[in-house]
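Protein sequence lines, in the order shown, are assigned to chains V and H.
Numbered per our numbering, the first sequence spans residues 1 to 317.
Numbered per our numbering, the second sequence spans residues 318 to 624.
These are calculated hints, taken from the structure and not from any lab test.
A virtual CB, placed ideally from N, CA and C, is assigned to each residue, including glycine.
Do not take every clue at face value.
[As the list claims (entries may be wrong)] If you only want the chain H side, here are some residues facing chain V, beta carbon under 8 Å, derived:
# : residue
1 : 353
2 : 357
3 : 358
4 : 466
5 : 477
6 : 554
7 : 603
[To be verified] Taking CB as the label site, the calculated pair distances span:
#  : chain 1 : residue 1 : chain 2 : residue 2 : range
8  : V       : 182       : H       : 359       : 44 to 52 Å
9  : V       : 241       : H       : 359       : 29 to 37 Å
10 : H       : 404       : V       : 298       : 32 to 40 Å
11 : V       : 229       : H       : 365       : 26 to 34 Å
12 : H       : 463       : V       : 130       : 40 to 48 Å
13 : V       : 219       : H       : 517       : 33 to 41 Å
14 : H       : 456       : V       : 239       : 32 to 40 Å
15 : H       : 593       : V       : 309       : 47 to 55 Å
16 : V       : 229       : H       : 456       : 35 to 43 Å
[As the list claims (entries may be wrong)] Covered stretches of chain H (in silico footprint by chain V; criterion: 3 or more residues with CB under 8 Å from a CB of chain V, positions within the stretch not fixed):
#  : segment
17 : 481-494
18 : 518-532
19 : 560-569
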Amino acid sequence: MLLYILKRLVTVTPVAFGVSVVCFLLVHLAPGDPLSAVLPADATQATIDEMRAAYGFDKPLPVQYAIWLWHVLHGDLGVSIATGRPVAQEVGRAVVNSLILASVATLIGFTFGVFFGFVAGYRRNSILDRIASALSVFGVSVPHYWLGMVLVIVFSATLGWLPPTGAGPDGSGNWRPDFEHLRYIILPAVTMAVIPMGIIARTVRALVGDILGQDFVEALRAKGLSETGVFKHVVRNAAPTALAIMGLQLGYLLGGSILIETVFAWPGTGFLLNAAIFQRDLPLLQGSILVLAMFFVALNLIVDVMQTALDPRIERA
Amino acid sequence: MTMPITAASVALDGNLADAPDAPEAFVPSRGFWGHVGHRLVRDPVAMAAGAIILIVVGIAILSPWITPMDPYRGSMLRRLKPVGDATYWLGSDELGRDMISRLMVGARLSLFMGVTPVLIAFGIGSSIGILAGYVGGWTNTILMRTIDVFFAFPSVLLAIALSGALGAGIFNSIVSLTCVFTPQIARVAESVTTGIRKRDYIDAAKLSGASGLTIMRVQVLGNVIGPIFVYSTSLISVSMILASGLSFLGLGVRPPEPEWGLMLNTLRTAIYVNPMVAALPGLAIFVVSISFNLFSDGLRNAMEIRQ
Numbered sequence: 001m002l003l004y005i006l007k008r009l010v011t012v013t014p015v016a017f018g019v020s021v022v023c024f025l026l027v028h029l030a031p032g033d034p035l036s037a038v039l040p041a042d043a044t045q046a047t048i049d050e051m052r053a054a055y056g057f058d059k060p061l062p063v064q065y066a067i068w069l070w071h072v073l074h075g076d077l078g079v080s081i082a083t084g085r086p087v088a089q090e091v092g093r094a095v096v097n098s099l100i101l102a103s104v105a106t107l108i109g110f111t112f113g114v115f116f117g118f119v120a121g122y123r124r125n126s127i128l129d130r131i132a133s134a135l136s137v138f139g140v141s142v143p144h145y146w147l148g149m150v151l152v153i154v155f156s157a158t159l160g161w162l163p164p165t166g167a168g169p170d171g172s173g174n175w176r177p178d179f180e181h182l183r184y185i186i187l188p189a190v191t192m193a194v195i196p197m198g199i200i201a202r203t204v205r206a207l208v209g210d211i212l213g214q215d216f217v218e219a220l221r222a223k224g225l226s227e228t229g230v231f232k233h234v235v236r237n238a239a240p241t242a243l244a245i246m247g248l249q250l251g252y253l254l255g256g257s258i259l260i261e262t263v264f265a266w267p268g269t270g271f272l273l274n275a276a277i278f279q280r281d282l283p284l285l286q287g288s289i290l291v292l293a294m295f296f297v298a299l300n301l302i303v304d305v306m307q308t309a310l311d312p313r314i315e316r317a
Numbered sequence: 318m319t320m321p322i323t324a325a326s327v328a329l330d331g332n333l334a335d336a337p338d339a340p341e342a343f344v345p346s347r348g349f350w351g352h353v354g355h356r357l358v359r360d361p362v363a364m365a366a367g368a369i370i371l372i373v374v375g376i377a378i379l380s381p382w383i384t385p386m387d388p389y390r391g392s393m394l395r396r397l398k399p400v401g402d403a404t405y406w407l408g409s410d411e412l413g414r415d416m417i418s419r420l421m422v423g424a425r426l427s428l429f430m431g432v433t434p435v436l437i438a439f440g441i442g443s444s445i446g447i448l449a450g451y452v453g454g455w456t457n458t459i460l461m462r463t464i465d466v467f468f469a470f471p472s473v474l475l476a477i478a479l480s481g482a483l484g485a486g487i488f489n490s491i492v493s494l495t496c497v498f499t500p501q502i503a504r505v506a507e508s509v510t511t512g513i514r515k516r517d518y519i520d521a522a523k524l525s526g527a528s529g530l531t532i533m534r535v536q537v538l539g540n541v542i543g544p545i546f547v548y549s550t551s552l553i554s555v556s557m558i559l560a561s562g563l564s565f566l567g568l569g570v571r572p573p574e575p576e577w578g579l580m581l582n583t584l585r586t587a588i589y590v591n592p593m594v595a596a597l598p599g600l601a602i603f604v605v606s607i608s609f610n611l612f613s614d615g616l617r618n619a620m621e622i623r624q
């Protein structure tokens with residue numbers, strides 16, 4: 001097992017390297033000078049040169065990359081052009097909020113997705129199966145930013161039950177697990193949960209259908225095992241794949257939360273990214289994308305290792 | 318004694334060919350695509366979804382001639398009229414522009430920006446994937462490991478990061494969405510191509526002296542294009558949502574151009590005044606996106622491709 005983990009670590013290193021190159025190049029992909037947003041329009045050439053030298057933009061690209069990577073490996077993501085605060089600090093605070101939102105959403109999506117998936121898989125072509133299938137198509141087809149708006153219209157604007165935006169009553173940027181803050185997380189989390197719910201329901205339905213069609217299930221039934229006993233076997237067989245998909249969905253939600261965080265003004269990485277893009281704060285953009293992508297790579301690795309550990313059928317090649 | 322009917326005797330006795338039941342034997346086989354079409358027509362859900370797509374495409378094409386009002390002309394006096402208004406059938410937006418006209422014209426950009434990236438990615442991605450899968454070896458390793466890097470980004474993040482860096486605009490959002498979908502299509506293309514490269518008909522083509530390029534174009538392409546195509550159609554729905562999402566964030570189409578995502582964004586402030594109108598552009602995105610998904614599912618079933 002340890003050897004397998006080491007092998008996976010070796011294969012993931014070039015990917016991580018590639019990700020860092022892409023993140024680095026993003027800034028240079030941008031049209032115009034990365035400093036144009038902070039420098040006044042009438043800046044003299046001397047000021048421009050001075051700033052370029054201060055930020056290291058005057059060196060050749062590979063050198064800039066090496067310097068940047070060296071700093072990144074030491075936890076230094078640079079300084080935000082807009083606020084002057086360290087990027088690592090800004091991203092760190094936002095990532096916690098995003099992680100909370102994405103985890104709650106994944107949990108909701110997983111619970112409902114597994115439930116619908118099992119019902120649909122057990123009762124193929126029944127009315128319940130149709131409803132579950134419809135729900136999963138809905139989950140993957142609905143523009144979630146629109147769904148968020150609709151939920152705000154219904155539950156905030158019309159019924160007045162839940163707050164429409166923000167992470168807490170004080171308007172501050174940190175979510176805490178108490179009742180008041182809980183009210184703020186419901187709408188964004190439910191909105192976000194719809195996507196993993198659809199995907200998990202669809203996968204679990206196919207998994208359960210496949211497992212129920214296998215010979216060993218027939219053998220279990222033939223030897224007189226109760227349906228509850230058979231059900232336990234089905235769960236155990238479906239669990240590794242379902243859990244793996246849940247892990248991956250958490251990563252997708254964390255990286256893809258920008259639209260939902262914008263709708264709900266949730267103070268997470270999506271919100272930060274949005275600010276970084278519109279203030280053309282390139283170090284902040286670069287830093288938050290790097291952190292999110294690395295998180296996704298690490299999550300993929302963990303899911304992979306866990307799946308192998310859970311499922312003895314997968315060969316540790 | 319009757320003569321045994323052989324091919325020779327049929328050929329000699331012309332009368333047999335004129336027998337009433339004979340022509341049935343000559344009905345040509347439908348062929349693969351014929352079968353797919355036949356099965357698709359019998360799938361009511363896919364047909365309904367296809368019909369909706371056709372209607373929306375029709376509206377998009379004809380919109381400059383059939384909108385009831387000028388989609389760009391606003392009226393400060395008639396802002397945010399409700400759905401069902403006598404003049405504005407689906408209400409008016411925050412600048413007093415007719416919603417139904419804007420939704421009709423908006424279909425043009427929304428469809429264009431959703432479908433184009435998938436089309437381009439289909440071309441580039443399947444070329445890369447087929448090349449990697451057929452040639453194999455180092456070519457495969459280099460191409461596919463590069464593609465792995467793009468898989469390290471969740472697609473929404475990659476799309477937003479690229480268009481954020483490139484800046485707002487129609488062209489830039491199409492470029493960034495193409496970059497999102499190309500690796501995904503290439504990976505599918507590579508895996509189906511690898512699956513068939515050791516088949517006998519490929520060897521037969523090699524032995525008959527066909528060049529690598531010819532084999533890729535004829536034997537490989539013909540056998541893998543179906544699954545790649547179906548996979549690509551399943552991406553259109555995501556692409557529509559993402560393209561409108563970029564405009565929703567202010568990274569795609571610029572005002573006053575009507576586009577569903579952008580309309581949804583500018584109407585966000587109106588949810589307390591006129592929620593029905595504010596939700597309409599999103600409903601349009603949803604209907605088109607779900608139609609593409611259902612049609613793609615139907616196509617997959619008709620082609621008997623397993624996920």
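Starting from the hint 47 to 55 Å, judge whether the C-beta atoms of residue 593 of chain H and residue 309 of chain V obey it. holds (51 Å)
If you check the beta carbons of residue 463 of chain H and residue 130 of chain V, does the distance land in 40 to 48 Å? holds (42 Å)
Do the numbers back the hint for residue 353 of chain H, that is, is its least Cβ distance to chain V under 8 Å? This interface hint is violated because 21 Å lies over the 8 Å limit.
Would you say the C-beta atoms of residue 229 of chain V and residue 365 of chain H sit inside 26 to 34 Å of each other? For residue 365 of chain H against residue 229 of chain V, whose Cβ atoms are near 42 Å apart, the range 26 to 34 Å is violated.
Holds or violated: residue 466 of chain H as interface residue toward chain V, Cβ cutoff 8 Å? Status holds, d = 3 Å.
Is 33 to 41 Å right for how far apart the beta carbons of residue 219 of chain V and residue 517 of chain H are? For residue 517 of chain H against residue 219 of chain V, whose Cβ atoms are near 38 Å apart, the range 33 to 41 Å holds.
Against chain V, does the segment 518-532 of chain H show at least 3 residues with beta-carbon separation below 8 Å? violated (count 0)
Quick check: do three or more residues in the segment 481-494 of chain H have a beta carbon closer than 8 Å to a beta carbon of chain V? holds (count 4)
Answer holds if the nearest beta-carbon of chain V is closer than 8 Å to that of residue 477 of chain H; otherwise answer violated. holds (6 Å)
For the hint on residue 358 of chain H, does the least C-beta distance to chain V fall short of 8 Å? violated (21 Å)
Under 8 Å, Cβ to Cβ, is where residue 603 of chain H needs to be relative to chain V, so tell me if that hint holds or is violated. OK, holds: residue 603 of chain H within 8 Å of chain V, min 5 Å.
At a threshold of 8 Å, is the proposed contact between residue 554 of chain H and chain V supported by beta-carbon distances? holds (6 Å)
In summary, the numbered hints that this structure violates are 1, 2, 3, 10, 11, 16, 18.
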